[in-house]
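The lines below spell out each chain.
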Amino acid sequence: MDATTVLAEINGNIATVGYGLAAIGPAIGVGIVVGKTIEGVARQPELQGRLTVLMYIGIAFTEALAFIGIATYFIFTG
Amino acid sequence: MTPQPPARRPEPSSTPVFRNILKYGTLLSVAIAVIGGALGYVLVGANGLVSALVGAAMAVLFLGVTAASILFANRVSGADMLNPAYFAIVMGAWFLKFLVFLILVFVLKDQPWIDGTVLFLTLVAAVLGTLVVDLVVIARSRIPYVSDVTLPGDTERR
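Heads up: the sequence lines are chains X and G, in that order.
Numbering of the first sequence is given in numbering that gives the first Met the number 0, commencing with residue 0 and proceeding in unit increments.
Numbering of the second sequence is given in numbering that gives the first Met the number 0, commencing with residue 0 and proceeding in unit increments.
Everything labelled a hint here was simulated from the structure, so no lab data went into it.
One or more of the hints may lead you astray.
Said to hold, decoys possible - Per the computed footprint, the stretches of chain X lying under chain G, defined by three or more beta-carbons under 8 Å from a beta-carbon of chain G, are: (1) 27-39; (2) 42-52; (3) 56-69.
None of these values were measured; they are calculated from a predicted model.
For every residue, glycine included, the Cβ atom is placed at its ideal position computed from N, Cα and C.
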């Protein structure tokens with residue numbers, strides 16, 4: 000076995016990497032949504048009612064992606 | 000000098016919207032459970048029926064937690080988003096929800112009475128359907144531009 004093969008060897012289930020990828024996107028997404036909502040409310044506190052609802056929609060879309068990403072574990076057998 | 004009565008806190012303007020989201024989201028998940036359960040039973044058998052019911056229940060539970068946590072945070076913080084308790088509740092519930100979802104997926108995957116494909120398809124249908132319901136409810140709701148603010152001299156919050 001030459002050195003290149005040894006370096007490229009990976010053990011374990013590749014689905015673990017898939018979960019990591021499924022977590023990165025929504026984490027960044029929800030961070031931006033919440034951060035920008037706080038920014039908006041800090042600038043204009045009277046808009047909070049509308050911004051809360053819009054923030055909810057942003058969170059709902061990012062978490063939808065995360066749920067589908069994690070649930071692919073049911074159909075992809077490692 | 001007579002003490003001022005405590006400021007009355009009316010319902011935050013976003014609360015009725017989230018109540019509607021929870022109500023219609025639950026109705027949609029029941030519909031998806033019925034349709035998915037029927038299709039799963041016809042195509043796969045009893046395992047398909049159970050998997051569709053579990054998938055729809057997971058979707059309504061985990062997607063409803065976000066709206067429910069905002070409702071709870073509204074009540075605790077008095078609709079003040081810059082109160083640390085607000086995002087502690089909303090983001091804490093979000094984090095815990097994913098942790099529980101992840102554990103549930105790992106546990107359910109190896110159960111003999113679960114059909115992975117039916118559960119996955121029901122979950123995807125419920126997630127997409129809930130997004131549509133959320134958007135419709137919010138598009139039809141009316142929230143004033145100026146709400147939940149107290150002006151100097153106000154005896155009660157508006």
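So, going through the hints one by one against the coordinates:
1. 27-39: holds (count 4)
2. 42-52: holds (count 9)
3. 56-69: n = 10 at 8 Å, threshold three: holds.
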